[in-house]
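S.K.: Each chain is listed here by its residues.
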Amino acid sequence: MYDTGKIIPGLLVFVGLVTFPIWYGFVSADGHLPNPEKPTKAKQCVESTEFMRTSHMVLLNDWRDNIVREGGSRHGKTADGTEFVRSLHKGCMDCHTSKRKFCDECHTYAAVKPYCWDCHIQPKEAN
Amino acid sequence: MIEKALSGNRLYWAWLAFLLVIMGVGGLSYVQQFNYGLGITGMSRDVSWGLYISQFTFLVGVAAGGVMLVLPYYLHNYKVFGRITILGEFMAVAAVAMCLMFILADLGQPMRALNVLLHPTPNSILFWDMIVLNVYLFLNIVGGWVMLNAEKKEMPPPKWVKGLIYLSIPWAISIHTVTAFLYCGLPGRHYWLTAILAPRFLASAFAAGPALLVICALILRRFTAFDVGKEAISKLVTIITYAAILNFFFVGLEFFVGYYSNIPGHMHTLDYLFFGLTDAAGNVYDNLVLPMRFSMVIGMAATIALLFPGMRDTYTKIGWLCGMIFLSLWIDKGLGLVLGGFVPTPMEYITEYYPTGIELMITAAVWATGFFILTILYKVAISVKLTKES
Amino acid sequence: MDNSRRKFLKIAGLSAIAGIAAPTAFNGLLKGEAQASSASGGGHGGTGAASGKRYGFVIDVSKFARDKGLAQRCIDACHSIHNVPDYGNKKDEIKWIWTDGFENVFPDHSHYKKNADLHDAPILTLCNHCDNPPCVRACPTKATFKNPDGLVLMDFHRCIGCRFCMAACPYGARSFNWRSPRELDAAGNYKYIKNPKPEFPTRMRGVVEKCNMCAERLAEGKIPACVEEARGANAMVFGDLNDPRSRISKVLARKFTIQRKPALGTHPSIFYII
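Chains as they are written, first to last, in our numbering: chain U, 8 to 134; chain A, 3 to 392; chain P, 49 to 322.
If you're looking for bench data, these hints aren't it; they were derived computationally from the structure. It is possible that some hints are incorrect.
[Stated by the list, open to error] Listed next, the in silico DSS-like pairs over lysine-lysine satisfying Cα-Cα at most 30 Å (straight line): (1) U:Lys-97 / P:Lys-162; (2) A:Lys-381 / A:Lys-6; (3) U:Lys-97 / P:Lys-161; (4) P:Lys-111 / P:Lys-242; (5) P:Lys-245 / U:Lys-97; (6) U:Lys-48 / U:Lys-97; (7) P:Lys-162 / P:Lys-101; (8) U:Lys-131 / P:Lys-270; (9) P:Lys-161 / U:Lys-108; (10) P:Lys-309 / P:Lys-161; (11) P:Lys-190 / P:Lys-111; (12) U:Lys-131 / P:Lys-242; (13) P:Lys-245 / U:Lys-120; (14) U:Lys-106 / P:Lys-242; (15) P:Lys-270 / U:Lys-120; (16) A:Lys-154 / A:Lys-237; (17) U:Lys-108 / P:Lys-239; (18) U:Lys-45 / U:Lys-120.
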């Protein structure tokens, strides 16, 4: 192979750069895993924990499109018959009262920045 | 072939560096606009489109103008355009690229631009404009590039490319028609609500596009060994002349309909653009009167001049006259058409628009980016043609 | 000879089929988003939306002329519950409902020697919630749409800020967020939204907004905030235009009313008693 002395180090630098996010995460992680605060007000969420963990954003989008665009109902019922308001502000945040202790826990860890609160007014944190 | 763009003389590199500086300053201006919002421009609730959309509209015309070469050369096998057609195709590419950048610069939420694809809306003309512009970009870049590559390799071009090139001919008409539909389909904006808008757009496009092309060809002739040929320039000038005559005829029709029918809505914007409006309090609004009158005078003067053989017998004269026509049409369509359409407002108020410095910098940067693309493409095209000949 | 004639007939036949089929297909495309094209054959009336409802207002101009402060109270009621920012300048201005002169609201009507009552009467004006809205036709992302109850609404999540709808609206009813409405002052409060209501979102910069006929209140069985404010003076009537027994239908049957720019075929749902 020609130019082995240039190609191999070059490849190493390239691989190092493209994997930067992965090893940077290893190096800088403080071992703290996200631990969102569980609400005390209700035992069960509107869907299973597994579903909510992976797809809460899909659910929020569906509620939004259904209510805003299709004139859908603003109220829903869980499997065990508990009524809830299909609303981020009046529903979700009614139980999960603290954005900091609930939403931000995972979002910060996963470095996602949802834009919910760019428009919706964030509930006051109790501290 | 792109490697041809990597070697050039000092003038070539200095020109690219100059464009890069403008692009850099404009890029920084865009960062400011992105962070603050479009309020950093001169646009307002009353004049809700400004320089960005008017430049976009004008440049769609420049892009469509390329068809004035593609059609005679490919459809009628008009050999005289053999060397200049590739310049027309690549100019279309640069112009459409600028159009897309101007649209993006004008969006309040540019990060959501792909919503247009995510939620396709066939009743919106903007949806169709997005489609026709992107397809036209594709047709010209592929058509031009493949033909050039075949020429370089001295091989006949693949058969399928002819199909794309033929398609690009009606497609050129479509991009400017659809762009006119953006305006002339809106109720309550009287200046735009006219069936002559699409034909007028096309006429001005077929004058402005080739005019810019003639200027580019003359510049290339001056600074490089590439000469498109006297006959090609001469034929192109004839095309420009007739297209410009049609354009001014159409403008005249607007004046007749407005002032003879005496319907206020049909006269208001023309009054504003050419004579100035005065409101009940006595304030005069006439910030476009001087440019618009200047546009008409130089445009018509240059068009009439081009009818006389004695006025088109040297490249210098041709260059100046084409420059005048281009400038005239740029003012008419790149300023008056869009800005004038918002005066008066639907509530019959008059708000004048002045672009801000940041807005001007971003606009300049998009133009610079367009010329950067154009320069690179022309460098490749010329290198291929000249290598083959020597 | 024969061959070419057959060819010609073939082409002619195919063109005829295409000619017949194309408009149908095109109409189908246009109606794909049914909300965009509910125009019934001309006229200034119009039909209903999916639910059969079509909400509208009647505005009694004389009542507003009698009580000069009423219009402002209606505006404040609307703007405060919807977190509409007040920048204090015309360039950034955002308004959902406002007053204007008769000649501005009704430029097509004669105001030569106009009725003395109208000279300084503030005419309340807002989105017309057209039955055939040009803004909905223009929007490239369906961010503005007609909902099942005939309200023309904005989906702020989806708007890309192209402002095509602003150019399309013949009533000047739409405003754009030229800057962030959430700018903070030194004390950390919103500079331009005085008493933000947490129940309703603010907007973000770069999206278009306008009157939503209080869709969020209608969902709770309430009437629009401006109508509630004007109810005491009996200056506004709200209801379903498609329901012949509704109060608004009865008022419209009894009184002569006008709409804004009816000649444009937009079929406004706001009626004025002059």
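S.K.: Which of the numbered hints above does this structure break?
M.R.: 1, 3, 7, 9, 11, 15
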